[in-house]
Amino acid sequence: MPALRLDAAALPPELDELRRDVRAFLAAETAAGRIVPHADNWLAGWDPAFSRRLGERGWIGMTFPPEYGGSGAGSLARFVVTEELLAAGAPVAAHWIADRQSGPSLLKYGTEEQRRAYLPGIARGETSFAIGMSEPDSGSDLASVRTRAERAGGGWTVNGTKVWTSGAHVADAMIALVRTGPPGPSRHEGLTQLIVDLGAPGLEIRPIRLLTGEHHFNEVVLTGVFVPDDRVLGTVGDGWRQVTSELSFERSGPERILSTFPLLAAVAGRLAERGGAGGGDRGRIGAVVARLWALRRMSLAVAARLAAGEAPATEAAAVKDLGTRFEGALVETVRLLARVEPDLASSDPLANLLAQSVLHGPGFTLRGGTNEILRGVVAKSMLPSGEAR
Amino acid sequence: MNDVLDALVATVDGVCARHAGPGEDWNPRLWDELERVGVTLLPVPEERGGAGADFVATAEVLRALGRNAAAVPLAETALLAGWLLAEAGADVPSGPLTAALAGPHVALRQDGGAWTLAGTLPRVPWARHADGIAVLVAGHVAFVPRGGYDVDEGANLAGEPRDTVHLRDAAPARVLASAATAQAFRERGALGRTALMAGAMEAATDLSLRYAGERVQFGRPLARFQAVQQHLAEMAGETLMATVAAQAAAAEGTGFAIAAAKAAASEAAGTVCRLAHQVHGAIGFTDEHGLRHATTRLWAWRDECGNEAEWADALGARAVEAGTEGLWPLITAGGDL
Chain G
1 MPALRLDAAA
11 LPPELDELRR
21 DVRAFLAAET
31 AAGRIVPHAD
41 NWLAGWDPAF
51 SRRLGERGWI
61 GMTFPPEYGG
71 SGAGSLARFV
81 VTEELLAAGA
91 PVAAHWIADR
101 QSGPSLLKYG
111 TEEQRRAYLP
121 GIARGETSFA
131 IGMSEPDSGS
141 DLASVRTRAE
151 RAGGGWTVNG
161 TKVWTSGAHV
171 ADAMIALVRT
181 GPPGPSRHEG
191 LTQLIVDLGA
201 PGLEIRPIRL
211 LTGEHHFNEV
221 VLTGVFVPDD
231 RVLGTVGDGW
241 RQVTSELSFE
251 RSGPERILST
261 FPLLAAVAGR
271 LAERGGAGGG
281 DRGRIGAVVA
291 RLWALRRMSL
301 AVAARLAAGE
311 APATEAAAVK
321 DLGTRFEGAL
331 VETVRLLARV
341 EPDLASSDPL
351 ANLLAQSVLH
361 GPGFTLRGGT
371 NEILRGVVAK
381 SMLPSGEAR
Chain H
390 MNDVLDALVA
400 TVDGVCARHA
410 GPGEDWNPRL
420 WDELERVGVT
430 LLPVPEERGG
440 AGADFVATAE
450 VLRALGRNAA
460 AVPLAETALL
470 AGWLLAEAGA
480 DVPSGPLTAA
490 LAGPHVALRQ
500 DGGAWTLAGT
510 LPRVPWARHA
520 DGIAVLVAGH
530 VAFVPRGGYD
540 VDEGANLAGE
550 PRDTVHLRDA
560 APARVLASAA
570 TAQAFRERGA
580 LGRTALMAGA
590 MEAATDLSLR
600 YAGERVQFGR
610 PLARFQAVQQ
620 HLAEMAGETL
630 MATVAAQAAA
640 AEGTGFAIAA
650 AKAAASEAAG
660 TVCRLAHQVH
670 GAIGFTDEHG
680 LRHATTRLWA
690 WRDECGNEAE
700 WADALGARAV
710 EAGTEGLWPL
720 ITAGGDL
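Respectively, the protein sequence lines represent chains G and H. Positions 1 to 389 (this note's numbering) are the ones given, in order, by the first sequence. Positions 390 to 726 (this note's numbering) are the ones given, in order, by the second sequence.
Be aware that a few hints might be false.
Cβ pair distances, simulated, as ranges [claimed, not checked]: (1) G:Arg53 / H:Asp692: 48 to 54 Å; (2) H:Asp692 / G:Ala28: 33 to 39 Å; (3) G:Arg34 / H:Phe674: 55 to 61 Å; (4) H:Ala671 / G:Glu372: 51 to 57 Å; (5) G:Pro65 / H:Leu565: 58 to 64 Å; (6) H:Thr643 / G:Thr212: 37 to 43 Å; (7) H:Leu565 / G:Arg274: 53 to 59 Å; (8) G:Arg53 / H:Asp392: 42 to 48 Å; (9) G:Gly181 / H:Gly642: 36 to 42 Å.
Think of the hints as simulated: they come from the structure by calculation, not from any bench. All values derive from a computational prediction rather than experimental measurement. Glycine included, C-beta positions come from ideal geometry on N, C-alpha and C.
Using the sequences and the accompanying hints, generate a full structural model.
Structure, rendered in structure tokens:
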């Protein structure tokens, strides 16, 4: 039976030096007050100046070859940098999507001109991207997208609405999945990815505020937006395959485990200040540390397969399921250890982090495919074809 | 895993399939075959009679034995008794061995030139079937051959022998000065159980997948029910995590990594057992169904060699000591516990 398979992997020792450099940089940024650790900062921490400082050090676009402005250091080096940034609670949202997803897609499917147009800016931390997949009537069921692109002279006219588009109000471009032809029996035909300039005429971006009032999500309404032919990403009609190939990268990274890590670090410090933890508390924080250690090794095992050119999509989905539930479980444990009331406005950073983590919690197991859908994907992949349908 | 290790694991799986006896409390035919394959002293140095392999290979073999519910004391022989004897400079004999950490009620005495060992060792794995027990006691390893001790037979939840051993001024065959620590003994035990648990979780998940594909209710296989699919995916995820944790702990070999892996795997074992039985319905809860060979072992092994609370307590102490700035470096670098 085709069960899931991963083998534990170790990071090459030469990356230790990179990790030390990143840690030293982050310690200096924190000491200077340029990083205030924040939960879920790959969504919430939009700081273009910070992204540019990372770009100057070669820590964005590490998977891009040098001719496109990247360091070419590779995906395992990127793994080290990203997990260090997340653990420190650094504000990485401005470059996150472009570095993780849009850039690699451009590299894989983009034309030479597209790569040269976007990748160097991404690597400098100057060019931001948004993901235009979800729609009002299309959440987990991505194949049901209704935004349409129709042939117009030298390009396409796009009409439709995208939602939950993180950072669209501040990003430069959005890679949108749109319908360019009939869905066919599989519903996977006739989909195309377009690179939409977020300053284009006919485009309206409206905030969808989180329950905290924060503005990260948007509704992006496209009314007769013109996208030239040279901004088709990859092949017309091949959007489904292109999008699903991104998923292994999107699903299993450290950001599916570490969104609330700064809260755990803060409570460890608080317990230390109180003169250590009692038996029960020690066991509680230790149990979280144990699972975090194991999940990190799991994420790393997927990263190693990705680095080897494989696409372990199912294993990645399993990591995302376990990892994102862990992000929430961590909060529930820390809440009992912290013995402070969550408060976004408190002068106590632990109360802030707890409040941010609780209030951002619902998103962890929704974004990038709900956990229920992911588990369905995992189960169906393991069962003989037909049995699970 | 590399190809050599893959081939070794395939051999062990094959041997287990040919000599299966999961209902027995001791499978001597399987043991003989495993000795022939050369895996019973895998991590023991070659000059002491072993194969000189690393923890990674040993853990993979144990995972295969866990998958097959193999009734043999390979973890005790390879990771504990063989280690204690070799570390003290002795050659390791063939045959099944077991090992114990002496508690406060065990005394090693030297009278003239003769050593005696007295006291009681609780829950010693496979003591009644082992050729001898290596006891780590007061800076020494005392090897007591079978016949040198009395046994009150006991068992864990899976029926594996966990005997009370009475040493009544036993005369050990050998007593050697040892630099082995009690902590290292506990960590090796925990590493062995973690690898075995990962294998048993694979077995429970595989059986559940198969059953869900075959069992028809309301006119369709269980696997078509989304609620059942959710259970299967969760089991597979927990199993995958435990497997990677066992492999990673074996590769790192540090106290921190082993503690984390044992704690994470022990917790996962409970989840996997619960879901496996839920998927199987009443038949999985019976003596006649093979699921119990995996789940009763998991229920036993999660509490042996330190359960998740015990190892989490040690990890928690390190985490608090590390504090806000030190916690992340602790998780990435591990180290001693």
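Now the hints, each set against the structure:
no., hint, result
1, G:Arg53 / H:Asp692: 48 to 54 Å, "holds, 50 Å"
2, H:Asp692 / G:Ala28: 33 to 39 Å, "violated, 46 Å"
3, G:Arg34 / H:Phe674: 55 to 61 Å, "holds, 59 Å"
4, H:Ala671 / G:Glu372: 51 to 57 Å, "violated, 27 Å"
5, G:Pro65 / H:Leu565: 58 to 64 Å, "holds, 59 Å"
6, H:Thr643 / G:Thr212: 37 to 43 Å, "holds, 41 Å"
7, H:Leu565 / G:Arg274: 53 to 59 Å, "violated, 46 Å"
8, G:Arg53 / H:Asp392: 42 to 48 Å, "holds, 45 Å"
9, G:Gly181 / H:Gly642: 36 to 42 Å, "violated, 56 Å"
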